[in-house]
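Asker: Given next are the chains, with one letter for each unit.
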Amino acid sequence: MRHKDKSEVVFSDDASALIAKIIKRYPVGKQKSAILPVLHIAQAEFDGWLSVPVMDKVSEILSIQPIEVYEVASFYTMFNLKPVGKCVIEVCRTGPCWLMGAEDIVKYIEKKLNIKEGQTSSDGMFTLKTVECLASCGTAPMMQIGQTYHENLTTNKVDDILDDYRNQGVCISHFAKDKIKA
Amino acid sequence: MKKTAFINDKPYSFEPGDTILSFVRRYFERDFVPTLCDAPNLDPYGACRVCSVDVALVKDGPCKAQASCHTPVMENSYIYTDSERIKRLRKNIVELVLTDHPLDCLTCEVNNNCELQTVAARVGIRDVRYPEGKNHLDRKKDLSHPYMTSDFSKCINCARCVRACDEVQGEMVLNMAGRGFDAHIIKSFNNNFFDSDCVSCGACAQACPTSAISDVFESKSVSADKKVRTVCTYCGVGCNLEVAVTNGKVKSIQAPYDAAVNQGHTCLKGRFAFSFYNHPDRLRTPLIRKNGELVPATWDEAYNYIANELNRIKKEHGPDAIGGISSARCTNEENFLMQKFIRAVIGTNNIDSCARVCHSPTALGMQRTFGTGAATNSIIDLKYTDCVMVIGANPTDAHPVTGAKIKQFFMKGKPSIVIDPRRTELARYATYHLQLRPGTNVALLNMMLYYIVMDGLEDQKFIESRTEGYEDFKKHILNLDINELEKVTGVDKSLVRKAAHAYATSPNAMSFHGLGVTEHSQGTYTVMLIADLAMITGNIGRRGVGVNPLRGQNNVQGAADMGCQPHQGAGYLDSYDPEINKMYSAFYGVDVPMRKGLKIPEMYDASLAGKMKAMWLMGEDNAQTDPNTQHVVSAFKQLDLLVVQDIFLSETAKLAHVVLPASSFLEKSGTFTNGERRIQRVNAVVEPLEGTKPDGQIMCEIMKHMGFNQPDYHPGVVLDEISRVVPFFAGVKWDELGENGKQWPVKPDGTDTEILHTESFKLGKGRFQTATWRETEELKSNSEQFPYILTTNRELEHYNNGTMTRRTGNVEILTEDVLLINPADAQKHNIADGDMVCISSARGKIDVKAKLTDEVKSGVVSSTFHFPDIHMNDLTSSVADSEAMCPEYKVVAVSIRKSKGVYKK
Amino acid sequence: MSRKILLKHIDVPGIRGLKAYRENGGYQALEKALKSMKPDEVTEEVKKSGLRGRGGAGFPAGMKWSFIAKPEGVPRYLVCNADESEPGTFKDRYLMSHLPHALIEGMIVSSFALGANTSYIYIRGEMLYVYHILEEAIAEAYEAGLLGKNILGSGFSLDLYVHPGGGAYICGEETALIESLEGKRGNPRIKPPFPAVKGVWGCPTVVNNVETIASVPHIVNMGGDEYAKIGIGKSTGTKLISACGHINKPGVYEIELGLPAEEFLYSDNYCGGIRNGKKLKAVVAGGSSVPILPGELFLKTANGEPRLMSYESLADGGFASGTMLGSGGFIVMDEDTSIVKNLWNFTRFYHHESCGQCSPCREGTGWMEKLLHKFLDGHATIEDIDLLWDIQSKIEGKTICPLGDAAAWPVASAIRHFRSEFEEYVKNPHSIKDVKHYFRINNLVEQ
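Residue numbers (our numbering), protein chains in the order written: chain S, 1 to 182; chain E, 1 to 905; chain U, 1 to 447.
No wet-lab data here; the hints were simulated from the structure.
For each residue, glycine too, the CB sits at the ideal point set by N, CA and C.
Be careful, since some hints might not be right.
Anything over 10 Å on all C-beta distances counts as not near chain E; from chain U, calculated [said to hold, decoys possible]:
1. Phe67
2. Glu182
3. Gly233
4. Lys300
Distance ranges between label pairs, derived from CB positions [as the list claims (entries may be wrong)]:
5. E:Lys3 x U:Arg22: 51 to 59 Å
6. S:Asp163 x U:His132: 25 to 33 Å
7. S:Asp163 x U:Lys38: 46 to 54 Å
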């Protein structure tokens, strides 16, 4: 594990500045409101998932109890509470996408990467998740990787997209890394 | 005009703010409408939906199912509690809940006392129609904690535990994690009870409708033979307890929801720390010292021995060579008998109690300003106040149930002030924490008064109509050198000003104080200034205001009320006044003395001077708990006769000539008076342990043994006697106290009093009193050689010197005393967290483990004396409050260094 | 019936930026409101316009605004519900990512009307790229003096912030959204108190959908009366419909309310008919929560009237034969679609998204999903159809928030209109499996 406890969790200067800026968006004493944006930033900063030390650090930053972070982090599906691959593939599985063949896309990726939904490929590159409707029903089936929506998927398209990410080899999170500038 | 709505087509009137459920419960049984997520001490939650009822806005109109627990009653609406539709709905909901609940009722600890089981039976569940599927029945039990247990396979996600933890205790240890079907209770992240921040108050276990959270005593099981309601013996909050008894032994304790004091809540001491009562260490026979050894004796032998010795000493040295120390842990009746024994049988005013070492300055300070030495208001006033000031008190540890209520107030974000040298739990939530240097309370309160006067925030109307002495007082205040006071206290004056404004400008402001106020050389003066603050801002005599001492022990109020102090007899009447002396003499049927009696520290001095020959201690362990231990021990050793009544062979009992085995609070009846003047009935739960006797019975028997005509002991009889001599007990009757007792003064017709001084003070007008800050002698003489200030405090898990709590599971939770030390100071002395530290004062030196924390400022260290092995009171001084002689436990000049030879465990 | 208001300038190059937006009439409503109107007058125009909440419930927006409590010294808040997550709905994402300033202008005008000086756009966390688009547009607006202190010299000040969610459908419910904005789990609150009295941080709060707020500047520009003339009856104005499923031309369409349903489905200006020449089987007209209708009942009401795309016409016949306009998430299913399997997917969705507070929803959605799985596995009995009906009826209207209804309605309507299909699963499980009941397999593998 990257951090033994919260004292080892150090946000980058840019991230700290952005967090400070975000906290100011809420009334004095209501800094707890910043928890979701701060967790997004934390996930972007620390390998795409939230370890207990990272969550403890967030609770310290927001002056709230650690458990207030745990209960929130575990409620919202975007937060990964276990380590993930460098690249998290999130395939929409809800009605409209599924009408258009999302299930086949999932099966295709599972076979391609030799993993099941929820697992990470043996090289640590990809984690496959299925998620609920991403408001991209008109361009179904679709999947999200990091910030990017990949729409009107076909198996060939999936091949190309995954190849691209593998070549880039970058860590992908929802919160665009390049936006972590206050 | 009352508003009406219809329940099952019959009209009933409802109150503003009624929900459908509270409305129905006004007229029907509590379970008339079944519920699962509702609990008496929690806010409506609306999640289980079992409480649904049909509601039509007009007669025979269309019905809509509404959750009754949170839906307001609509005027003229028609509520149907048991329509066929609703019955089917409830049944279906419960059926769904049961699909994810083990059906092992017969072997479950809460069988026949399970709300889910009751509701299931009520709605007529016979079988569950849903197919097998994914469930949570394989969740593991948590047995990590000495008291708390959980088995979340039984959890029905009603969140009552989470809400109890948040709304009742304010600890936020339990929470719901995950979502939907995966929603589950967590104790911090995947943690167990023991490793979590749980304070073991047990509110969650009591709130849980099943056995998903419970305790090792299985307090929700129905196996008890009987349940007895009594009052907790620990702190001055006075929680009511419901004690379950099986086979003549205490099985478990719960807190009754209808208790006025604690409303279904209590702390780990009250709820779980009872196993001391039948601990093998309990004394079971009288002991008499023979040839230097304490050897077992019969009661008659003991009484004869004592009577002979007392008579001899009285004859040889006069009655004033004998003294008694009564106990704030004992009942009113026992305290009354003790002072009666000393005054009427022995014939001396040498009677004092442990109130001397805790709240004697409160009594005196409030008597000098208001005329009455007791809390002006009630704890329930926290619901009505707008600002709370806590001075020198740490109620979340020392008065946990009141502490939780204050914490709830603080968490709401209303103005709150903490004046304390330590960053206590409440200080962390307070709007203003004035972290003063120990020993400067008077200076700090003067600063607050200064700003109130300077900034024109006085309540002129109140000052004019209700007080006297204001002009002189004002002159004194305006002459203060505010910059000098700022330097003395070490608190930024602008912060003090803000706090003063918050207190003065809130519509209703309430203050609480504890031993951090009284246990100082200027304790009484501090209390007087707190009273001044209340008077100058008009915060006296109505709901949500007042001066409210947090009493340390269960019956400090009562011990003082009963006359266990030399200068005042039962009812605080002046024992040195000839008229009153006549009244007392007539009442007791013998001449009682008018000569001045000795306070506790004076008794020690008298003993060392050879004037005090015998002392009788009822339930006190002064050799442990009084300051400057070596001095106290030498005093006891000088005596011809030391009698100690106790439940254990305490350090003091080990020095005694006669030890009398007393009964614990679970084994006796009587009354305790809590910190809000509430006289409550203590009811014997089990028979006295064989060989022991209730303290009151011991007193009666010795009185008779010495030829005094005292009837056999019965609390009702003694209480009747008290009511005839203590004016504010006039209407107190054993059979009329009810479950929630009465708050004194109780008029002859039985009506009691929640708030004092509503119309006038006992003194007529309130008296402003000035006080000028002075550095304590302890620091003046010793701070050069001993540059640090040691201040003593308490931890939640233990009570006083731990005689009781160390004989319970609490000792597994908090295992030792530690020294809180600021990291900067620690670094200076090369002390690391966990190192042993040697602390020295002018009296002695001890070793204790260091805990580095910013709870204390640099220059201040703090510790507890729950574990006698540490001998903390070897350090404390004999300096005492100049007025009431309460010892200064809170300021000790010490030096620190890393201990030699003893390293981190 | 092709009048465009919200999307009129969607194709203008650079319309995402402030410059192009202003050049095409942007922020005129703001100037008009701040310089020539009182806050209550703005509210009055919105009332007159008949604008109804575009998030799904269709509650009149002006009336919702008029409920806001105005205690002395207590701040008021406007929160935009941009947590678009109703399956089949993607209009708000489209609007925000193409026309961020349309929402921002709407937020400023609406905040002015409500007396809010701090407002938030609560956007789905998954749409963090749109979050960044909005952040950039807001920065532009601050730069231009359209946000911040003393906007356009009017004395009105507003701070506008975007707040990302974390992935929870339930946060589209306004009280759950408020809880989430406060940094808590998205558990809906019991009501009363309503948000208009006690909303975010205990202060009076209005929560409105993106499209609703974006419509406000147009109402201010043209006047409420003029806006009310667009549309039909109480369905005033235009509505964004996001069309998806088995149609030729999926996408977001702005329609004038009252457009014939048949025209919308088959005209090449809109959906362009069913893909691959297949026949229409069923339509979910307003997002996954609304009752599913068989094709014929969607096109014509039970009385044989042509169905119109309006609040009233779609609801014609009640739940027996009608449905709801909802959020405008328009999902079309062709003849090969398995209603039972589709329902299983929707129910799985609601089970996954239940917050877990209310027992009927937490447990009930799970058991509905399990029962539906029984059908798909071929183990169901005829009694299971009744059991399924029974459970949904015990969820509908029996929970704190409408997620319970949303989970129940699809089940009820599927059984109501397609019971025979359920029976077929019971009687002939194997034959159904043979006809690929696992949906139509798209031609995903490119040749």
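Asker: Hints broken by the structure, by number, lowest first?
Answerer: Failing hint: just 7.
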